[in-house]
Amino acid sequence: MATVGLAVPEPAKIEFLYFADCPSHPEALALLRSVLDDHDVESEIDILELTTDAEARALAFPGSPTIRIDGRDVDPGGASARPALTCRIYRLPDGRVSPLPTREQIEEALK
Amino acid sequence: MSLPLGSQAPAFMLRNVEGVERSLASYADAELLALIQSCNHCPYVLAWEGRMIDLQRAYGDRGVRLVALNSNDARRFPEDSFDRMVVHASEQGFNFDYLHDPEQLLARELGSQRTPEVFLFDRDRRLVYHGAIDDSRDDSAVSQHYLRDALDATLAGQPPPVAETAPMGCTVKWLAQ
Numbered sequence: 161m162a163t164v165g166l167a168v169p170e171p172a173k174i175e176f177l178y179f180a181d182c183p184s185h186p187e188a189l190a191l192l193r194s195v196l197d198d199h200d201v202e203s204e205i206d207i208l209e210l211t212t213d214a215e216a217r218a219l220a221f222p223g224s225p226t227i228r229i230d231g232r233d234v235d236p237g238g239a240s241a242r243p244a245l246t247c248r249i250y251r252l253p254d255g256r257v258s259p260l261p262t263r264e265q266i267e268e269a270l271k
Numbered sequence: 031m032s033l034p035l036g037s038q039a040p041a042f043m044l045r046n047v048e049g050v051e052r053s054l055a056s057y058a059d060a061e062l063l064a065l066i067q068s069c070n071h072c073p074y075v076l077a078w079e080g081r082m083i084d085l086q087r088a089y090g091d092r093g094v095r096l097v098a099l100n101s102n103d104a105r106r107f108p109e110d111s112f113d114r115m116v117v118h119a120s121e122q123g124f125n126f127d128y129l130h131d132p133e134q135l136l137a138r139e140l141g142s143q144r145t146p147e148v149f150l151f152d153r154d155r156r157l158v159y160h161g162a163i164d165d166s167r168d169d170s171a172v173s174q175h176y177l178r179d180a181l182d183a184t185l186a187g188q189p190p191p192v193a194e195t196a197p198m199g200c201t202v203k204w205l206a207q
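Read top to bottom, the protein sequences are chains A and B. The numbering used here numbers the first residue of the first sequence as 161 and each following residue consecutively. The numbering used here numbers the first residue of the second sequence as 31 and each following residue consecutively.
For reference, chain A alone in the conformation it holds in the complex:
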């Protein structure tokens, strides 16, 4: 459930990292933008496409998409997965698996 209009601190940095071969990134980026709009967050999103294993290691990229708000991963539990150019696994509250985070996870990271 979205919490439209609830004030959140303006983040200094919002990062969106993705691997183009994983098809979830357009939907995830749209979700991120929707959440930011709902909370009147005006910070720019730094969008970075990763293309090599070396980049994945250097940026501790646990899979696509990865969203960090002021350095805080929206799914801290999955952030320590082995860096790799692959789709990222997000675990939903009901136990199911998803290739992208929930709105609630992004909202939590904004607080």
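No lab work stands behind these hints: they were computed from the structure. Ideal Cβ placement from N, Cα and C applies to all residues, glycine included. Careful: at least some of the hints might be erroneous.
To be verified - Chain A regions said to be covered by chain B (calculated; three or more residues, Cβ under 8 angstroms): (1) 239–249; (2) 252–262.
Claimed, not checked - Ranges of calculated distance between the beta carbons of each label pair, as one might list FRET restraints: (3) B/L185 to A/A167: 53 to 63 angstroms; (4) B/R156 to A/P186: 32 to 42 angstroms; (5) B/S166 to A/A167: 27 to 37 angstroms; (6) A/P253 to B/Q174: 22 to 32 angstroms; (7) B/V116 to A/R251: 21 to 31 angstroms; (8) A/R251 to B/H175: 20 to 30 angstroms; (9) B/P108 to A/A218: 16 to 26 angstroms; (10) B/D103 to A/S194: 30 to 40 angstroms.
Fit chain B to the supplied structure of chain A, relying on the hints for placement.
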């Protein structure tokens, strides 16, 4: 390029997670054979695996055999190793064979691109349906049951209402050339 519709199923000899070698002939008694390009770590696969189990349970008595296939490069993706396949199949309660294709020979013959990706062969082992299991990774949002419809039609001696769809999922992790 994926195997064209109407093509004959490629021959193979691959080990399943019980350590038993399986060939195309191992499934000769199956009315229909669905080879599904899969793996251990892809969230799309994980989202669809329950539906694969449900399909095997629902259609097994009618001679349908689902067979999952993992061809991913386990050197770059250790979570896709054979040992992890054994654990994964046990944890998920697979009711179908899960084959290891470490040389990626079958994946190349099929022209697989994504996980999961279905190749459904009829009684004569001709490809009659290729693509996605259904139209949503979210099982509560499915409106088109492509594989189920293809199974029903082919079992009834009819062509699938939709013979080809775009598979949605992770890319096959190919070995470095």
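Consistency of the hints with the structure:
1. 239–249: It holds: at least three residues are needed, and the segment 239–249 of chain A offers 6 whose Cβ sits within less than 8 angstroms of chain B.
2. 252–262: holds (count 4)
3. B/L185 to A/A167: 53 to 63 angstroms: 58 angstroms, holds
4. B/R156 to A/P186: 32 to 42 angstroms: 36 angstroms, holds
5. B/S166 to A/A167: 27 to 37 angstroms: 34 angstroms, holds
6. A/P253 to B/Q174: 22 to 32 angstroms: 27 angstroms Cβ-Cβ, so the 22 to 32 angstroms window holds.
7. B/V116 to A/R251: 21 to 31 angstroms: 22 angstroms, holds
8. A/R251 to B/H175: 20 to 30 angstroms: 26 angstroms, holds
9. B/P108 to A/A218: 16 to 26 angstroms: Roughly 19 angstroms apart at Cβ, these two residues keep to the hinted range, so it holds.
10. B/D103 to A/S194: 30 to 40 angstroms: 36 angstroms, holds
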